[in-house]
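2 protein chains.
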Amino acid sequence: MNSSPVRKAQPDFRWDDVEVQHYQREGPTPHKELTRQVLFQDAVDHREWRYFEVAAGGHSTLERHEHDHAVMILRGHGRCLVGRHLFDIDERDLISVPAFTWYQFRAPDDGILGFLCLVSRDRDHPQLPGGEDLAALKSDPGVAGFIRV
Amino acid sequence: MNSSPVRKAQPDFRWDDVEVQHYQREGPTPHKELTRQVLFQDAVDHREWRYFEVAAGGHSTLERHEHDHAVMILRGHGRCLVGRHLFDIDERDLISVPAFTWYQFRAPDDGILGFLCLVSRDRDHPQLPGGEDLAALKSDPGVAGFIRV
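Read top to bottom, the protein sequences are chains A and B. If you read the first sequence in the working numbering, its first letter stands for residue 1, the second for the next number, and so on. If you read the second sequence in the working numbering, its first letter stands for residue 1, the second for the next number, and so on.
Do not rely on the hints blindly, as some may be mistaken.
Repeated chains share a single entry, so a pair holds when one copy, or any two copies, can fit it.
Unchecked claim - The list that follows gives simulated cross-link-like pairs (lysine to any residue, SDA-like), each with its CA atoms no further than 20 Å apart:
1) 32 with 9
2) 8 with 74
3) 8 with 130
4) 32 with 111
5) 8 with 128
6) 32 with 66
7) 8 with 75
8) 32 with 126
9) 8 with 87
10) 8 with 79
11) 138 with 18
12) 138 with 90
13) 8 with 83
14) 32 with 121
15) 8 with 41
16) 8 with 120
17) 138 with 148
18) 32 with 6
19) 138 with 149
20) 32 with 57
These aren't lab readings, by the way, just hints derived from the structure by calculation.
Hey, can you work out the whole structure from these sequences and the hints?
Below, the structure written as structure tokens:
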């Protein structure tokens with residue numbers, strides 16, 4: 001991190017001294033067109049404050065985990081699954097993802113979806129859905145048409 | 001907090017189910033035209049994610065404390081003091097306020113300054129500057145002209 005207390009925003013939702021990471025995990029990476037920027041690596045007692053961007057037509061991973069997420073949409077719009085419900089999401093909307101709740105973000109076909117996400121730095125690994133989980137999710141036709149794995 | 005995982009943004013940087021608090025503390029309140037909205041009361045292990053707004057011509061309190069702050073400008077522009085240095089701040093700029101560092105935000109005379117601020121829910125009380133602190137700060141003419149107490 002820069003020694004200056006202020007890091008300036010750059011065009012296109014980039015920042016001074018913040019690396020754009022093409023988001024990968026070990027093993028399968030069932031997301032599409034996802035980047036991550038860690039804005040505050042150790043913000044306030046081991047919390048990470050990140051900015052994620054999903055390119056047009058892309059999506060985040062369908063996953064769940066024990067740690068909770070606090071999210072604010074910063075750029076564009078899209079849709080998300082939280083639990084069994086789908087939501088339209090727009091700039092500055094607030095999303096709470098509780099523990100062990102399936103969730104996924106999708107950008108529209110014609111625009112970027114960018115969101116701030118606050119998590120604990122010491123967090124459990126995300127879980128991917130198994131066959132039974134997917135079957136349960138797909139029992140709702142709306143959810144079945146939304147999710148990408 | 002609403003039971004829905006999504007709380008929609010409203011016009012003018014307001015949100016569903018988020019109260020606009022006129023920011024007051026016990027005792028002297030040396031700020032001007034400051035409001036607070038707690039976006040996530042218990043976001044991620046006892047962290048609060050708040051949105052502050054300083055009206056045109058207003059300022060936050062000149063203060064310091066042990067707990068650190070992570071800040072992102074969300075609306076408008078302004079200036080801030082962090083330590084002994086002044087910074088121009090614009091939308092999406094990131095500001096790290098370290099422990100025991102004097103800081104103050106000021107809105108311009110003709111516009112609102114709004115910023116996201118992440119803190120620990122269990123935090124120490126802010127300290128206000130005493131006579132010696134103010135004298136030290138005012139030894140810099142730029143800082144002397146900036147601060148409001």
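Next on the checklist: I want to check one pair: residue 138 and residue 18. Are their C-alpha atoms no more than 20 Å apart within a copy, between two copies, both, or neither?
Outcome noted: neither (38 Å within a copy, 33 Å between copies)
Checklist entry - Quick one: residue 138 to residue 148, C-alpha cut-off 20 Å, is that within a copy, between copies, both, or neither? => result Cα proximity of residue 138 and residue 148: one copy only (11 Å, versus 58 Å across).
Checklist entry - How would you label the pair residue 8, residue 130 (within, between, both, or neither) given a Cα cut-off of 20 Å? => result Answer is neither; intra-copy 42 Å and inter-copy 31 Å both fail.
Next on the checklist: When Cα atoms must be at most 20 Å apart, do residue 8 and residue 75 count as within-copy, between-copy, both, or neither?
Outcome noted: both (17 Å within a copy, 14 Å between copies)
Checklist entry - How would you label the pair residue 8, residue 87 (within, between, both, or neither) given a Cα cut-off of 20 Å? => result between (32 Å within a copy, 10 Å between copies)
Item to check | Within, between, both or neither: residue 32, residue 111 at alpha-carbon 20 Å | outcome: Classified as within: same-chain Cα gap 14 Å, cross-chain 39 Å, threshold 20 Å.
Checklist entry - Should residue 138 paired with residue 149 be assigned to within, between, both, or neither, using CA atoms and 20 Å as the limit? => result within (12 Å within a copy, 59 Å between copies)
Next on the checklist: Within, between, both or neither: how does the pair residue 32, residue 126 come out at a Cα-Cα threshold of 20 Å?
Outcome noted: within (17 Å within a copy, 44 Å between copies)
Item to check | Alpha-carbon proximity between residue 32 and residue 6, which holds within one copy, between copies, both or neither at 20 Å | outcome: So residue 32 and residue 6 fail the 20 Å test inside a copy (32 Å) and across (23 Å) alike.
Checklist entry - Within a copy, between copies, both or neither: where do residue 8 and residue 74 come within 20 Å Cα-Cα? => result both (16 Å within a copy, 13 Å between copies)
Checklist entry - Within a copy, between copies, both or neither: where do residue 8 and residue 128 come within 20 Å Cα-Cα? => result neither (36 Å within a copy, 28 Å between copies)
Item to check | Intra/inter-copy verdict for residue 32 and residue 66 if alpha-carbon distance must be at most 20 Å | outcome: Answer is neither: 23 Å inside a copy and 41 Å across each miss the 20 Å cutoff.
Hint violations for this structure: numbers 1, 3, 5, 6, 11, 12, 14, 16, 18, all remaining hints satisfied.
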